[in-house]
Amino acid sequence: MSTTESNIEPASQLDPNVVSMTINGKAVLARKGEWIIAAADRTEDFIPRFCYHPRMESVGVCRQCLVEVEGPRGPMMVVSCMTPVAQGQVVRTDTDIVKRAQEGMIELLLANHPLDCPVCDKGGECPLQDQAFSHGPGESRYIEEKRHYEKPIPISGLVFLDRERCILCDRCTRFADEVAGDPLITFIHRGNNTQVMTFPDEPFASYFSGNTVQICPVGALTAEPYRFKARPWDLQQQESTCTTCSVGCRTVVQSSRNEILRYQGVDSDPVNWGWLCDRGRFNFQSTNSQNRLATPLIKSDDGLKPASWTAALDETARALRHAQPGSIAILGGARGTNEDAWAWAQLADVLGVEMRDAQLDDGLPAEIFGYPGATIDDACSAATVILLAPDLKEELPVLYLRLRGAAEKKKIRIIEIATHDSGLTRYAWKSIMHEPGNQVQTVQDVLSAPEIKEQLGRGRVVLVAGRSNLAELAHNTMAAVDSIVTTVAQVSVLPVLRRGNVRGALSLGLAPRASNDAAAILEAAANGKIDCLILLGADPLSDVPDADLARRGVAGARFIIAIDTFLTNSSAHADIVLPAAAYGEKDGTTTNLEGRVTDVVQSITPHATSRPDWMMAAELATLLGNDLGILTLQDIQARISQTVVGFDGLSVSVAVRKNGVLISVPPVSPLQVHHEAVTKRNSYEYRLVVARKLYDEAVATAMSQSLSALATGAGVYVHPLDLERIGAKDGSSVRISSTGRSVVLPVYASMSVTRGTAFAPFNQKGVDIRELLQATDGVTDVQIANIS
Amino acid sequence: MSRLTDAHVTLAKEIIGRYPRPKSALVPLLHLAQEQDGYITRDAMVHIGQLVGVTSAEVYGTATFYEMFKFEPVGKYVVNICGTMSCALMGSEELMHHAEKRLGIKAGGTTADGMFTLEHAECQAACTEAPCLQVNYRYRYRLTPADLDQLIDDLSSERLTHEIPPHGTVAKVRQHIPPHLGVGAVEPELVTESPVWLDSKAAL
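Line by line, the protein sequences are chains L and R. For the first sequence, my numbering begins at 1 and goes up steadily by one. For the second sequence, my numbering begins at 789 and goes up steadily by one.
Accuracy of the hints is not assured; some may be wrong.
Derived pair list, reagent style SDA-like, types lysine to any residue, alpha-carbon separation capped at 25 Å [claimed, not checked]:
{"id": "1", "chain 1": "L", "residue 1": "K151", "chain 2": "L", "residue 2": "S140"}
{"id": "2", "chain 1": "L", "residue 1": "K430", "chain 2": "L", "residue 2": "A479"}
{"id": "3", "chain 1": "L", "residue 1": "K410", "chain 2": "R", "residue 2": "T980"}
{"id": "4", "chain 1": "L", "residue 1": "K529", "chain 2": "L", "residue 2": "N258"}
{"id": "5", "chain 1": "R", "residue 1": "K858", "chain 2": "L", "residue 2": "R190"}
{"id": "6", "chain 1": "L", "residue 1": "K410", "chain 2": "R", "residue 2": "K858"}
{"id": "7", "chain 1": "L", "residue 1": "K146", "chain 2": "R", "residue 2": "L978"}
Derived by calculation from the structure, the hints in this document are not laboratory data.
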């Protein structure tokens with residue numbers, strides 16, 4: 001042992017943060033402050049554990065990880081999840097006394113455990129089951145009646161709790177409090193009666209509740225969508241990337257008999273730390289939906305009729321061939337893979353399509369990528385984070401978790417500039433509320449405040465920027481972004497994007513050219529200038545903020561080709577609908593908001609006859625006499641890495657399958673931002689804020705049974721004092737009118753809405769707030785009248 | 789089911805002001821709620837959560853840890869008869885049987901008129917005075933069944949109200965700390981000077 005110690009002394013002397021110790025006689029280098037259990041994981045001396053989780057604070061409640069550490073009075077028993085490593089520490093995890101202690105703990109934990117493994121969803125992947133075999137005594141001396149509780153009780157619409165199985169490890173309650181910031185479950189009572197519980201009749205309504213099911217070390221918490229669906233040993237699994245939003249969390253997709261049954265989070269250090277939001281975790285149900293498109297559809301006199309792929313592609317090619325030059329437009333592409341986007345961009349090039357946009361007038365222009373980019377890690381380690389973004393808890397939930405965690409640990413200071421309170425408001429160092437349209441002035445005021453100036457001078461600044469209000473022009477936000485970037489030193493930008501692969505689609509050729517963005521394309525269509533409108537997984541009738549523009553655009557386009565997984569509002573108006581393979585049904589890569597390329601993996605065969613978007617593009621190109629020269633996904637990846645700047649060498653990289661690879665972004669020409677002063681208020685006394693909630697009518701959410709009921713429904717929210725001013729009661733109906741348009745919606749009081757503004761969630765079931773929005777308006781002012 | 793009354797909210801704010809962090813006032817506020825209604829109502833827990841800035845679940849978790857907080861209505865007088873060793877040897881079991889017969893309820897129950905709740909208690913640290921009991925946590929020592937009858941008679945006819953307030957009242961005298969003597973709601977890490985109470989001790 002002395003020889004091993006002498007071998008490692010020099011290293012520890014070099015770095016004051018490294019200590020040398022021995023675990024079971026093996027020399028180990030560990031970082032100061034690290035727990036023994038973490039160091040032992042690296043030497044493969046597995047220490048059994050239940051409560052310890054590397055992404056949460058240690059609490060040492062399960063007592064399973066007892067090991068022996070040499071002390072002045074001989075070996076001493078310690079919990080390895082709460083004992084830090086130390087210089088010269090001698091740890092033994094394999095002595096008889098350790099074995100006896102660990103066996104004793106298992107016996108105690110099993111004393112009240114129902115051992116209903118044959119009917120338990122966790123059976124086969126259960127840490128308690130596994131460790132009872134590996135570290136348990138093999139039998140119990142406890143012969144008395146076990147503790148009984150009512151068998152699983154729902155603690156939310158998604159999660160069931162079986163208190164008999166619970167071993168009180170504190171993982172779920174710690175997650176809810178420490179990681180999610182939603183301490184809606186807690187230990188109640190004490191001693192032998194301790195149990196995990198919500199407040200009576202107040203469900204565990206957290207956007208992150210599914211994570212507690214994943215980290216539960218027993219079968220106490222089970223998720224409604226997976227209950228009794230499969231046994232772990234029957235599951236096939238592939239590591240992949242979630243494309244529900246643009247964070248790009250790493251997941252493992254688990255399927256059985258060609259049906260996706262579950263997603264689990266995978267710990268990707270730069271991205272999601274193992275967590276997923278419930279929307280991303282449970283929307284696999286939409287992939288299995290009976291409403292998926294099965295065959296191509298061609299419009300006939302009596303509506304859309306199923307057709308063969310040959311007929312549908314021939315018809316599509318014919319329409320494209322006969323379109324006037326310059327009269328073809330492509331909307332969408334951000335829901336597919338990088339390869340899909342590239343292939344369609346190639347087809348667009350072949351057809352000479354100038355009008356293309358992967359976004360639907362609901363994001364920021366692609367020029368946002370021209371600023372120095374920041375990663376999620378950059379944001380979480382910056383001195384200051386400026387939020388000029390929609391509510392991240394609603395739009396990019398896992399980015400919210402990361403930033404919240406960093407702010408809670410006082411690693412970063414958040415300066416929030418917003419129109420209403422967000423999930424991060426309570427963690428912000430400064431939260432400045434402004435009226436929509438006034439962000440430039442607000443930003444300038446904020447940046448010139450001495451206290452803020454001092455803070456901004458303390459180190460790196462990351463600006464998290466996105467379209468926080470769909471009832472005003474993106475331009476307002478871009479002008480504010482520009483103002484910050486030109487004023488603040490050491491600033492980089494993390495763009496907040498809506499759909500899974502916006503960044504990939506925009507980078508791979510589906511970015512608008514010469515200001516022909518989605519709004520301009522729809523306006524052109526409305527004016528009869530579009531012969532052929534291709535909707536690449538896009539649903540402008542649901543997603544474009546200006547409902548009237550979307551309607552006129554869809555009605556004015558002479559021929560519409562929709563590529564989609566479901567018959568959406570817009571694809572129902574198409575002349576040809578081509579069924580697309582969904583997430584989990586195709587291979588490829590995706591690009592997240594940081595520009596991180598990771599792979600998505602096929603787990604099941606595409607539904608019915610549906611196929612990946614890129615295949616359709618390749619076939620259409622061939623039919624049009626312009627073979628793209630791509631037969632396989634690998635062909636596309638090779639071409640992307642050869643031809644697209646920033647994507648070189650990515651396709652073959654093993655790293656794409658782990659934490660991903662960041663694309664390098666060439667700086668684009670500086671933005672031409674002209675800020676227009678916001679028009680003065682007239683008699684329209686409320687300024688409208690329209691933004692998304694996590695659960696809305698988005699097709700993957702609406703088509704997932706367990707998520708569809710979670711949407712709030714349409715309504716308008718005002719400050720309680722404004723509600724009084726309107727003279728309405730909470731929940732009563734009001735008429736909201738902008739110039740020439742009006743809708744009737746229920747009104748609710750909310751303290752998180754700034755006075756003088758009205759907040760309406762986007763794309764909810766009920767009356768559509770988008771009726772009031774106009775793409776050309778800088779801001780939207782409305783009147784609210786009580787009609788009840 | 790009731791939230792804290794306006795007068796109690798004023799008092800609650802004073803109590804919250806004594807602590808560096810609002811949620812430190814959780815247990816005193818639970819006592820206030822129990823004093824108001826005789827037990828802790830759900831609405832009171834929601835209200836307290838709002839006052840100190842924690843979720844209702846956190847209030848519930850903390851409150852249920854303590855046996856002396858009740859979550860169902862109890863009698864005006866909660867009678868805890870000790871059943872631990874010394875009292876058991878000195879006849880507490882007979883005392884309990886007698887009380888059950890006299891009040892017509894089992895241990896854990898409440899009389900129909902809402903006057904008495906009978907409870908079995910663990911050691912109340914008065915072993916030299918066994919058998920003992922507590923009425924609303926006020927001691928009675930060396931009781932015989934006859935003493936118990938007398939006690940119940942006295943309580944029923946409100947002859948002991950000067951000594952034993954209704955269940956939930958912690959003390960008859962309410963403590964008020966003038967604001968200048970309170971430490972105030974300052975985050976502990978922001979406090980650079982010694983707290984007031986330490987300074988005043990130093991002067992002694």
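Outcome of the hint check:
no.: 1; hint: L:K151 with L:S140; verdict: holds (23 Å)
no.: 2; hint: L:K430 with L:A479; verdict: holds (21 Å)
no.: 3; hint: L:K410 with R:T980; verdict: holds (19 Å)
no.: 4; hint: L:K529 with L:N258; verdict: violated (44 Å)
no.: 5; hint: R:K858 with L:R190; verdict: holds (14 Å)
no.: 6; hint: L:K410 with R:K858; verdict: violated (38 Å)
no.: 7; hint: L:K146 with R:L978; verdict: violated (50 Å)
Checked against the numbered hints given earlier, the structure breaks hints 4, 6, 7 and satisfies all the rest.
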